[in-house]
Amino acid sequence: MQTSNFRSRSGRILAAARQRGFLTSRQALVLLGLIFLAPTFVAWVMHHSSDEGWKPEGTTNRGNLVHPARPLEMPADMVNDGVSLQDYLQGKWTLLYIDGADCGDACRNNLYKMRQVRVAQNENMKRVQTLFLLDADTIPDELAGFLAQEHKDMAVVLLSAAQAAGLEPRFRIGESPVRQARRVYIVDPLGNLMMYYQPDADARGMLRDLQKLLKYSKIG
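Note that the working numbering numbers the sequence shown so that position 6 is 1095, with each residue one more than the last.
Just so you know, the hints here were simulated from the structure itself, not pulled from any lab data. Wrong hints could be hidden among the right ones.
Stated by the list, open to error - For lysine-lysine, the following DSSO-like pairs were computed, each having C-alpha atoms within a straight-line distance of at most 30 angstroms:
(1) K1307 / K1181
(2) K1301 / K1215
(3) K1215 / K1241
(4) K1301 / K1181
(5) K1241 / K1181
(6) K1307 / K1215
(7) K1304 / K1181
(8) K1181 / K1215
(9) K1304 / K1215
(10) K1304 / K1241
(11) K1301 / K1241
(12) K1307 / K1241
As the list claims (entries may be wrong) - Label pairs and their calculated CB-CB ranges:
(13) D1289 / A1165: 17 to 23 angstroms
(14) A1233 / L1154: 18 to 24 angstroms
(15) N1281 / Q1205: 33 to 39 angstroms
(16) G1255 / A1209: 17 to 23 angstroms
(17) Y1305 / A1254: 21 to 27 angstroms
(18) E1162 / D1191: 23 to 29 angstroms
(19) R1293 / E1231: 28 to 34 angstroms
(20) H1156 / E1231: 35 to 41 angstroms
(21) N1281 / A1254: 29 to 35 angstroms
(22) R1293 / D1166: 33 to 39 angstroms
(23) D1166 / L1279: 33 to 39 angstroms
(24) K1301 / D1226: 17 to 23 angstroms
(25) L1279 / V1168: 15 to 21 angstroms
(26) Q1300 / P1157: 22 to 28 angstroms
Using N, Cα and C, we set each Cβ at its ideal position, and we do this for glycine too.
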């Protein structure tokens, strides 16, 4: 409605200017065309200003929504402590991360953020679980020691090459391969991938988003 009113007022102003001799008919026509095309051009620039698109400052969530949410169909041979991963993702909110055995600073920092965000939920902590999908045949001793000491409550599931390839289209967003993207994902208690964060995302934003999800959700 505002755009329509703006165009209408602009058209009247241009018509008046042409009548007074300030603009030729051709000049007025060109300017009027530019006015009508300007909102479309601005929207295109906003949408393509980054890989994730433009987000208005009034947006309340700090993460990026997956729209529509993706039901995750996990391979039947993926299990955690004897429970299929498909079942494991049901009933709780899951902070999920995917990386390889060379888990470096970015990887460990994301695991740390996931742990802290879960613990900071206080009485709602039991509604949240953390899952590390490790694209490797075995866990190196140094990484195993790190996970045992720093993340003993985090589920760690090894992925075979075939499993990792099968998960790629389920978690891929944009052009970056999943392992290289190093995103933290949120999976809802129905097993739907519904939000993700870039590697440099602020843990405080993740915390606030999850607090809102837990507050308003009737599931998990």
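R1293 versus E1231 beta-carbon gap, inside 28 to 34 angstroms or not: Because 30 angstroms falls inside the window, the suggested range holds.
Range agreement (Cβ of A1165 with Cβ of D1289, hint 17 to 23 angstroms): Distance hint for D1289, A1165 is violated at roughly 35 angstroms.
Straight-line alpha-carbon gap K1304 to K1241, limit 30 angstroms: Roughly 26 angstroms separates the two Cα atoms, so the pair holds.
Pair hint K1307 and K1181, alpha-carbon separation not exceeding 30 angstroms: 11 angstroms, holds
Pairwise beta carbon distance, A1233 to L1154, judged against the given window 18 to 24 angstroms: 35 angstroms, violated
Satisfaction of the hinted span 17 to 23 angstroms by the C-beta atoms belonging to G1255 and A1209: 33 angstroms, violated
Distance restraint between K1215 and K1241, which requires alpha-carbon spacing of 30 angstroms or less: Cα-Cα ~15 angstroms, so holds.
Distance restraint between K1304 and K1181, which requires alpha-carbon spacing of 30 angstroms or less: 14 angstroms, holds
N1281 versus A1254 beta-carbon gap, inside 29 to 35 angstroms or not: 22 angstroms, violated
Hinted pair K1307 and K1215, Cα distance within 30 angstroms: With Cα atoms ~15 angstroms apart, K1307 and K1215 stay inside 30 angstroms; holds.
Assessment of proposed distance window 22 to 28 angstroms (beta carbons of Q1300, P1157): 23 angstroms, holds
Assessment of proposed distance window 33 to 39 angstroms (beta carbons of D1166, L1279): Violated, at about 22 angstroms.
Comparing the model with each earlier hint shows violations of hints 13, 14, 15, 16, 17, 21, 23, 24; every other hint is respected.
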